[in-house]
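J.: Now for the letters of each chain:
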Amino acid sequence: MTDAHPVLKVEGISKSFGALKASDNVSLDLRPGEIHALIGPNGAGKSTLIKQISGSLRPDSGRIEVLGRDVTDLDTVARARLGLGRTFQISSLAMEFTVLQNVVLGALGARGRAFSFFRNVMKDKALLESAYRALERVGLQGEAQRRTADLSHGQRRQLEVAVALTLQPKLFLMDEPMAGLGASGSKALTGFLDQLRHEAPILLVEHDMDAVFALADRITVLVYGAVIATGTADEIRANAEVRRAYLGEEDAA
Amino acid sequence: MLTRETTLNIALAATLLAVPLLALAMDEIFIITLATKVAILALAGVGLNIALGIGGLVSLGHAAFFGIGGYAMGILAAHAQNYEPIMEVPFLIEGTNQMPIIWLIAIVASALAALVIGALSLRTSGVYFIMITLAFGQMLYYFAISWSAYGGEDGQSIWVRNEFPGLNTLDPIQFFLIAYVILCLVLVFSARLARSPFGLALAAARQTEERVMTVGLTPFHLRLVAFVISGAITGLAGALYADLNRFVSPTMLSWHTSGEIMVFVIIGGVGRLFGPLVGAAVFILLEHILGGFSEYWQIFLGLLLLLMVLFARGGLIGAIVGREVAHD
Amino acid sequence: MSILLILEQVLNGLQFGVMLFLMAAGLTLVFGVMGLINLAHGALYMVGAFAAAAVAGLTGSFLLALVASLAAAAAAGAIVEVAVIRRLYDRDHLDQVLATFALILIFSEGTRWIFGSFPLFLDVPDYLSGPVSLPGGIEYPLYRLTIIAIGLVVAAALFWLIARTRIGIQIRAGEADREMIAALGVDISKLYTLVFALGAALAGLAGALVGAIQSVQVGMGEPVLILAFVVIVIGGIGSIKGALVGAVLVGLTDTLGKVFLPQFFGLFLEPASATSVGASLASMLIYILMALVLLVRPSGLYGGST
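Chains as they are written, first to last, in the numbering used here: chain A, 1 to 253; chain B, 1001 to 1328; chain C, 2001 to 2306.
With the rest of the complex left out, here is chain A (with noise of 0.2 Å):
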């Protein structure tokens, strides 16, 4: 892990909803090439931090830095201009699309320049280009002209990511990507994610704790909206306090 800036920096993140305290103070940051996961029990805030992260929620207090850049008061849209590429939790793709269109769309998103009303953008050399590259690296060139809608979850998954490399991000904001995945789409997913990480650094959310203790660098244990802990897989599994409020009350599922 060098120790170079990091990509990523959260501090003092706090969101309440009225009495509900979603975030308590959080802070953690993102390194260069390392994949960070952040786990939690159910209803530790954990999609309220991404959202802050990503731009769609605002926090009451604290500060997010991409790159060294002060972004807590940029929407999300322009996070993603910045190089923030993210992956949802249930997926979040153009159905009645091609697979093709969607990657498209994502290199279209990349390149800028939406408002071109006259050429076909399904015969843009350059954007193909892009979208064909991304599909390759997640091994779905295959599927190019089925349709979304018709995907199997795992091939979805993929995509997803396939839409977020072309925007050849800074880093990946990943919610839950081995959500409903087989053994077999984990495992390939797992190998996929860890040659990504030279490429952007992963702040990723995720509840498969085989696939977080063989990934992550570093591992911050949200619960009850403050990060009880923060460290690498060793540490947090020696973590008494983390035994107790998380991993005691699921024998490692």
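The hints are simulated quantities; they were obtained by calculation from the structure and are not laboratory data. One thing to keep in mind: the hints can contain errors.
Unchecked claim - Derived pair list, reagent style DSBU-like, types lysine-lysine, alpha-carbon separation capped at 35 Å:
id, chain 1, residue 1, chain 2, residue 2
1, A, K9, A, K21
2, C, K2241, A, K21
3, A, K51, A, K21
4, A, K170, A, K123
5, C, K2258, A, K51
Quick caveat, the model's predicted, so the values are computed rather than measured.
Could you slot chains B and C onto chain A? The hints should help.
T.: Below, chains B and C without anything else, positioned relative to chain A:
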């Protein structure tokens, strides 16, 4: 390799041209007028379809643009026929009888209105959006009723059909051809728009707003531009419609008109390029065939629409070509 | 401009507002609980008015006419809900708009077929006609006061229903989480039919009450429907309180605007222009109000986010 839909589209375009030509040969002028009506109403629907079919924006106030186009024509032509200027201070603005100028003004006026209405309405979504667009349409409707300068509730008649350089616009077949050519040009534009980067982004925003934002595109801007283009086209249709009838009235702004334009689009198939043409044709046919039997023919229109919504979601074009991928 | 005139117009505005509330309450409930936008609501207003006129004509009793309006509208609502509306709950808004638009066509032309295009008449009963002397020296029609009273009583009853009864709890729970109440064993289809019929009854009552002041004719429901939409957009979809506040706001704004704007413009424009500018602006006023509210609160005054 032509898809089934493209083949059908070509056939439809050819039919719309052939019918009035045949009618001309048989001296059935009335049919030419009907065909012109179909072409113009189809144009209004094509406009709506850009916002509704591609963008998923359920605008129940599109009559606002239809009416603005109509009134643009009405005001300009009325002042031309009275020889009174519209405005003398601070600029001299006179009326005009020239179609190209009228169309330009109709397009600009409706586009501006769509910009304002869209900028306000698109900040909402779902049911709120539907109701706000409806309310804006009604706002203009009541305004037109109280605007006695141009007839108020009774509307404004225009004695002379407007002119187009080089053509005799009073000749039904020539006026039909004007409307037909405009329709075809706009259809080509609409087709290209659907296949363009803008079209892709807009269609994506309809299906998954979140994803569009995380690839770095702003749905609000996409939708606003779509809404403006959509309003401008429907406004052009309004100007032509007022010209056809040589009459403009607040009815063009009512929500019934908005609903009817939406009905054309639905009957043909939302998002289908030629959907509005099929829908307008069916509507006009029903009006004249069923209307001949009973003045309550709209009950049947209602029943047809209801059955279609409940059981035949893809519209008539969808029923004919089946489930091809509507986009390529 | 006398105080008396202003007070009289305020009362008129209240009366109008209270009628709008009856329309809007049903609309907002149906949307809040079932997620359905219903363009045909105005048709139910019309059904109530026609039923009242028919029964009043037959029996001469205004009270029976009102009961008939409630019953007929509720019945029409229930039938429509079972036959058509319940197929629309899972559909997107476009389908709902189109299907209910189709219902308007069917209802309007159907009513015209049965009753013809000429308006029917519903008379204010003798015991409710004539003016009443109010403190301050105003003479105000008893009937309009009655309408205001009925409207406020209905509003109170609705609040009580929602806040204190089992049905009310089911309604509130349904608004919050539709799937949950199904899982909890509530009979959803019965609940939905009930809510729809309740909204219809309210609309029918409004139609009957107003039918005595204006005339009873086909299409009478539509201008009111649009205004009801404006009311619930301003008040916030799904909120009865919002419907009441919105309705009173709209009623007052529209009535006072129509009376006083031409006078206001008369202060510095010549009479002919003042009337026309004033009247134009007055008719657009509530839509401007709606736009202003939405700029500040996109979900309406009391609406949660949809």
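J.: Assess, step by step, whether the Cα of K2258 (chain C) is no farther than 35 Å from the Cα of K51 (chain A), and give holds or violated.
T.: Violated: K2258 (chain C) and K51 (chain A) sit about 48 Å apart, past 35 Å.
J.: Does K9 (chain A) pair with K21 (chain A) here, judged by a C-alpha cut-off of 35 Å?
T.: Judged against 35 Å, a Cα distance of about 21 Å means the pair holds.
J.: Holds or violated: K2241 (chain C) and K21 (chain A), Cα atoms, limit 35 Å.
T.: holds, 29 Å
J.: Are the Cα positions of K51 (chain A) and K21 (chain A) separated by 35 Å at most?
T.: holds, 15 Å
J.: Are K170 (chain A) and K123 (chain A) close enough, with their CA atoms no more than 35 Å apart?
T.: Roughly 28 Å separates the two Cα atoms, so the pair holds.
Against the hints set out earlier in the document, a violation occurs for number 5 only.
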